[in-house]
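Asks: Residue strings, one per chain:
2 protein chains.
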Amino acid sequence: MNTQAPLLTLHSFWLSLATYRVRIALHLKGIEFEERAHDLSKGEHHSPEFRKLNPAEAVPALEGGTRQPLTQSLAILEWLEESYPNPPLLPTDAEGRARVRALFLITTADTHPLVVPRVQARLVKQFGSDETAGKAWSAHWFREGLVAYEAQIAPDSTRCHDEMLSIADLALASHLIGAARFDVELTDFPRTAAVGESLFSIPEFANAHPRLQLGAPG
Amino acid sequence: MNTQAPLLTLHSFWLSLATYRVRIALHLKGIEFEERAHDLSKGEHHSPEFRKLNPAEAVPALEGGTRQPLTQSLAILEWLEESYPNPPLLPTDAEGRARVRALFLITTADTHPLVVPRVQARLVKQFGSDETAGKAWSAHWFREGLVAYEAQIAPDSTRCHDEMLSIADLALASHLIGAARFDVELTDFPRTAAVGESLFSIPEFANAHPRLQLGAPG
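So the sequences go chain by chain: W and P. For the first sequence, position 65 matches number 60 in the working numbering, and the numbering has no gaps at all. For the second sequence, position 108 matches number 103 in the working numbering, and the numbering has no gaps at all.
Each hint should be verified, as a subset may be incorrect.
For chains that are exact copies, the list does not tell them apart, and a pair is met inside one copy or across any two.
Said to hold, decoys possible - Quick list of in silico lysine to any residue cross-link-like pairs, SDA-like style, CA-CA up to 25 Å:
no.	residue 1	residue 2
1	Lys47	Asp125
2	Lys47	Phe177
3	Lys47	Met159
4	Lys24	Phe122
5	Lys37	Lys130
6	Lys47	Asn202
7	Lys47	Gly91
8	Lys24	Glu90
9	Lys47	His135
10	Lys24	Glu77
11	Lys37	Glu139
12	Lys120	Lys130
13	Lys120	Phe177
14	Lys24	Asp88
15	Lys130	Pro185
16	Lys47	Ala189
17	Lys120	Asp157
18	Lys24	Met159
19	Lys120	Thr153
20	Lys24	Arg92
21	Lys47	Arg186
22	Lys24	Thr4
23	Lys120	Ala131
24	Lys130	Gln115
25	Lys120	Asp88
26	Lys120	Val142
27	Lys120	Ala134
28	Lys24	Gly91
Keep in mind that the hints were calculated from the coordinates and are not lab data.
Take the sequences, apply the hints, and build the full model.
Replies: Next up, the structure:
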């Protein structure tokens, strides 16, 4: 890609962990983009205008590089990897790529979908959940995800896979931010905590943090 | 690959929709494999032996083609695509691949993780859910997924994407089997239903159906 490439627009919400994963990749690959914030707490993703962007009414959506906006953090990251290959965020060997994708999916398939607002709303409606119960629910799943990460991260690592920065690290960073939001202690997960500490010291991760984004409470 | 390639072992449970997705791909690509069933209803995936196979205690796991077993249906399918490229189950263009992956993730990220046994067990433990409430919960999420598919499938299609058989179709087939299991009507989803009807007439899909697998009730 060169300076002739159209400017990408990342449709986002400051609190969104899925958007955070994509934002880090854009930073790491040095891709120029603008961000357009949608206030999901006000339901702006349910508007007819937003539905044209993503019929699934979710962020992130990445617009400008393709005919139709791209959705789903993993699909967007694979597209970025194919379209802007440097620096690579997937290993060069097929087994390594499979492992990194599986690590990515620990949070994006097995954790994060269980705690998003639409699930919280359903817990309230169907089971009379309240704020305390909703937080306990979320903390439980983030803890389960941490168990899975801890079992798969090698001792003394600074990265999820082979000391190479990969999309698995983007996912783990988002997982750790989610875990912190629900006061999950990392005491039992020293390998995961060590990788996290290393990741959050990287400027592209630090600058992409949800609390620094447009719309975040001062 | 040729006849010298090591035999692959698919670790499975007959009812598993994630295993079903991988089984279809193995059939479509004409890959020889053996299947080893684990009775998840008896908790066999929590054994120390199984945890060595997959620390996340879930099926599918694909053993034999790599140093470590592969896990997570999407990661396994991407590995199969890279290792056994014919017939392709991803489009040749980057935007098409992103769209197919996003369609795949409607069920594998936004639906299926919400209804699996560990989530049902948590609903029972935390909210006193029972069988009726658990089924209503599952039906709700399969219906939500159908809304997302219906909005993204073109009219008069027989496939999810561009009339090409892709991993999105594997995901949609698994979604429809899940929806049927919880008696979700397809009346409001004619495009999705038409794609499903076409897919289930394909022998590789039909033969991979959960109810035909080892361990399924006669």
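Asks: For each hint, tell me whether it holds in the structure or not.
Replies: Going through the hints against the structure:
no., hint, result
1, Lys47 / Asp125, "neither (32 Å within a copy, 38 Å between copies)"
2, Lys47 / Phe177, "neither (33 Å within a copy, 30 Å between copies)"
3, Lys47 / Met159, "between (37 Å within a copy, 24 Å between copies)"
4, Lys24 / Phe122, "neither (44 Å within a copy, 44 Å between copies)"
5, Lys37 / Lys130, "within (20 Å within a copy, 30 Å between copies)"
6, Lys47 / Asn202, "neither (29 Å within a copy, 38 Å between copies)"
7, Lys47 / Gly91, "between (36 Å within a copy, 18 Å between copies)"
8, Lys24 / Glu90, "both (23 Å within a copy, 19 Å between copies)"
9, Lys47 / His135, "between (35 Å within a copy, 23 Å between copies)"
10, Lys24 / Glu77, "both (12 Å within a copy, 24 Å between copies)"
11, Lys37 / Glu139, "between (30 Å within a copy, 20 Å between copies)"
12, Lys120 / Lys130, "both (16 Å within a copy, 15 Å between copies)"
13, Lys120 / Phe177, "both (21 Å within a copy, 19 Å between copies)"
14, Lys24 / Asp88, "both (20 Å within a copy, 21 Å between copies)"
15, Lys130 / Pro185, "within (23 Å within a copy, 38 Å between copies)"
16, Lys47 / Ala189, "between (41 Å within a copy, 23 Å between copies)"
17, Lys120 / Asp157, "neither (44 Å within a copy, 38 Å between copies)"
18, Lys24 / Met159, "within (15 Å within a copy, 31 Å between copies)"
19, Lys120 / Thr153, "neither (42 Å within a copy, 36 Å between copies)"
20, Lys24 / Arg92, "both (18 Å within a copy, 20 Å between copies)"
21, Lys47 / Arg186, "between (42 Å within a copy, 18 Å between copies)"
22, Lys24 / Thr4, "within (15 Å within a copy, 38 Å between copies)"
23, Lys120 / Ala131, "both (17 Å within a copy, 12 Å between copies)"
24, Lys130 / Gln115, "both (9 Å within a copy, 18 Å between copies)"
25, Lys120 / Asp88, "neither (46 Å within a copy, 42 Å between copies)"
26, Lys120 / Val142, "between (30 Å within a copy, 20 Å between copies)"
27, Lys120 / Ala134, "both (20 Å within a copy, 15 Å between copies)"
28, Lys24 / Gly91, "both (20 Å within a copy, 22 Å between copies)"
This entry does not satisfy hints 1, 2, 4, 6, 17, 19 and 25, going by the numbered hints stated previously.
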